[in-house]
Amino acid sequence: MLENYSTLQFIVRGKIFKGFCMRINDDFHETYAVVLDGYHSFCIWLDNNSSKWYASKNVVIDPDAIDEIINRISLPEQVS
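Counting along the sequence shown from 1, when you hit position 77 you're at 115 in this note's numbering, and nothing is skipped either side.
It should be emphasised that the hints constitute simulated quantities derived from the structure, not laboratory data. Only a predicted model underlies this, so the values are computations on that prediction, with no experimental measurement involved. Accuracy of the hints is not assured; some may be wrong.
Stated by the list, open to error - 25 Å max Cα-Cα, derived DMTMM-like pairs, lysine to aspartate or glutamate:
| no. | residue 1 | residue 2 |
| --- | --- | --- |
| 1 | K53 | D75 |
| 2 | K95 | D65 |
| 3 | K53 | D105 |
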């Protein structure tokens, strides 16, 4: 899982997304604030009970872009 902060840059359906995500303190979930150029910031979190990722209710972004962010956040740490 992502430590504290990560820059984001990726392409989904021909559109470039740039920004960053940052882990925030949450006693109940693994939660990340996401800030992308041209979009309102939003949160993504992992529900520990269902092991399912969720995004803020009113986020206005392509669902494939959210999936890409979740994939980047949830990549297993590489062993050196």
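Numbered hints the structure breaks, given as an ascending list: The structure breaks none of the hints.
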